[in-house]
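All chains, full assembly: derive it from the sequences and hints.
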Amino acid sequence: MFGTETKKSTAVSARQIRRIILEQSRRAHVGHIGSALSVADILAALYGQILNIPAPDSPDRDRFILSKGHAALALYAALALKGFLPEAQLETFCADASLLGVHPEHVLDGVDFSTGSLGQGLSIATGAALAARMQDSPRRVFVLLSDAECNEGSLWEAALFASHHKLSNLVAIVDLNSQQALGYTDEVLRIPSMPKLWQAYGWDAQELDGHDSAQITRAIRNLDTAAGPPHVLVAKTVFGKGVSFMERQIKWHYWPMSETEFKQAMAEVANA
Amino acid sequence: MRKALIATLSALARREPRIVLLTGDLGYTVVEPFREEFPERFFNAGVAEQNMIGMATGLAESGFIPFVYSIATFAALRPYEFIRNGPVLHRLPVRVLGIGAGFEYGSAGPTHHALEDLAALRPYPGLTLVCPADCTQAQNALLKTWDLPGPVYYRLSKNDQLQVPELEGRFDLARTQVLRNGEDLLLIALGTMAANALAAAEALALKGVQSTVLALSSFNPSPDSDLAEWLSRFSLAISVESHSVSGGAGSLISEIIAERALNCRLVRCGVRTAPDGLSGSTAYLEEKHGISGEALARTALREMEYARYSK
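Residue numbers (our numbering), protein chains in the order written: chain A, 3 to 274; chain B, 136 to 446.
To be clear, the hints were calculated from the coordinates, so they are not data collected in a lab. Take the hints with a grain of salt, since some may be wrong.
Here are some, though not all, of the chain A residues that point toward chain B, as calculated from beta-carbon distances under 10 Å [unchecked claim]:
id : residue
1  : Leu110
2  : Asp114
3  : Ser125
Restraint ranges, calculated between C-beta atoms of paired labels, are given here [unchecked claim]:
id : chain 1 : residue 1 : chain 2 : residue 2 : range
4  : B       : Asp307    : A       : Asp111    : 28 to 38 Å
5  : B       : Pro410    : A       : Leu184    : 31 to 41 Å
6  : B       : Glu422    : A       : Gly230    : 55 to 65 Å
Computed from a prediction, not measured in an experiment: that's the story for all the values here. The beta-carbon is built from N, C-alpha and C at its ideal position, and this holds for glycine as well.
In structure tokens form, the structure reads like this:
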């Protein structure tokens, strides 16, 4: 029903991603807004500048796994702006019989893997990176993790394997927004230093501003994805970035917006 | 069964470059032939079964057919949610090789006894579950299922000598195999229990009781038509499984009897009690849980006696 409406967009911008996040979460009256806003600039860099995806089913496309699946709305926005998802289909977000749920489903074109259960994406990404190497393909694998997701032990199993086998074509990005569902990460399970933790596992780690798309793009372009260890970008972000009353507020992990809040949020994002 | 399976897998891998073998740091003296022949397609994932299944998911999406190898409890239960959200949800051709059906790791204790792996994996319609009864059938089953489009779980014996001559290696998805014919009693054996059921049938024959013995090796897709056909011919059937009676063969057969309103009483032989701390050999544990050949024969005679009295 949306097939003919797909259009190639000119720009995948963080501002447009944020607009879509706000519009659709308002329409569907659902939460996870803060988590989605926090990764808008990262997805703008990936889908605007980095990912090599001639078509969503090209075998040698770069793979992308949104391991923090609860930010799926940001991914849908990026896919729509990229032209892989008809914009009208966004209106089905969280509707009955929709492919656009709160967490992404691989059945949807442009979604490589279904996610939603934290701690599984890095393992899948590691397998995908190993496959690319075995097939002698230049494709790379990107995986976006949440900082709270690093609570999951399984993630560190994958981190060990990827570094042991020097999967240099694997790039993890940690959305370090310092929050999780019930509190601030420092209060729940403190990780003294995220980059040092990854370095201890043998990864090439660097910290950067997760809201500076240009910096993220530069950093990824400078990575050696042909040899050496796997890479992690620890992206310092602000939960709820771009909407003043959501920023750093725990309640916006789950809370939906009122009409008044929506109008203010849209105005702030438009004027940012 | 492990060595036979790896031999067949190696033979397949010679002509099929998509086959990859991952192990969770297990399979000493078993996986080496594959590793030596295909070093670039063999990976020891370390003691990290969740990641092993997750990686297999990523490999399969890229076109590989990954086989993952571990002891059945560690292969099926530790990474259970990875199996669910990975190969099952994505319908990818990951093959899980679970070694040590039931009590085969006898004195290793309850952490190593696979008594609920099938119950855990049974709810997934797209996950093929194969429980070979002997080495030859395991090889034949592998040849018939290795390239299925969806995931497969193989519940395997660690006994490399296990042979059930009556089976002649036969295997077909959604079918049972007849191992022995008799008119008094129907014994339906899950996977490796075929040998025990045949031993029971032999003992029963000496007492004048003639049994039909069926091998149930294709657990999903389940051989519903075959089972219904055989159950409809008997008034007493005994299911035999080195598995919990809940969620395994006994449950499957009960469902068929109930849904088709068959006039057959079913006695489920399998594990009904929690571990009590006492370990021992496979033979000891099978006797204790009523699934040794002798225990099965005793149960059969008791139940036939009961049936006579209650008529």
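How the hints compare with the structure:
{"no.": "1", "hint": "Leu110", "in the structure": "13 Å, violated"}
{"no.": "2", "hint": "Asp114", "in the structure": "7 Å, holds"}
{"no.": "3", "hint": "Ser125", "in the structure": "2 Å, holds"}
{"no.": "4", "hint": "Asp307(B) - Asp111(A): 28 to 38 Å", "in the structure": "37 Å, holds"}
{"no.": "5", "hint": "Pro410(B) - Leu184(A): 31 to 41 Å", "in the structure": "36 Å, holds"}
{"no.": "6", "hint": "Glu422(B) - Gly230(A): 55 to 65 Å", "in the structure": "58 Å, holds"}
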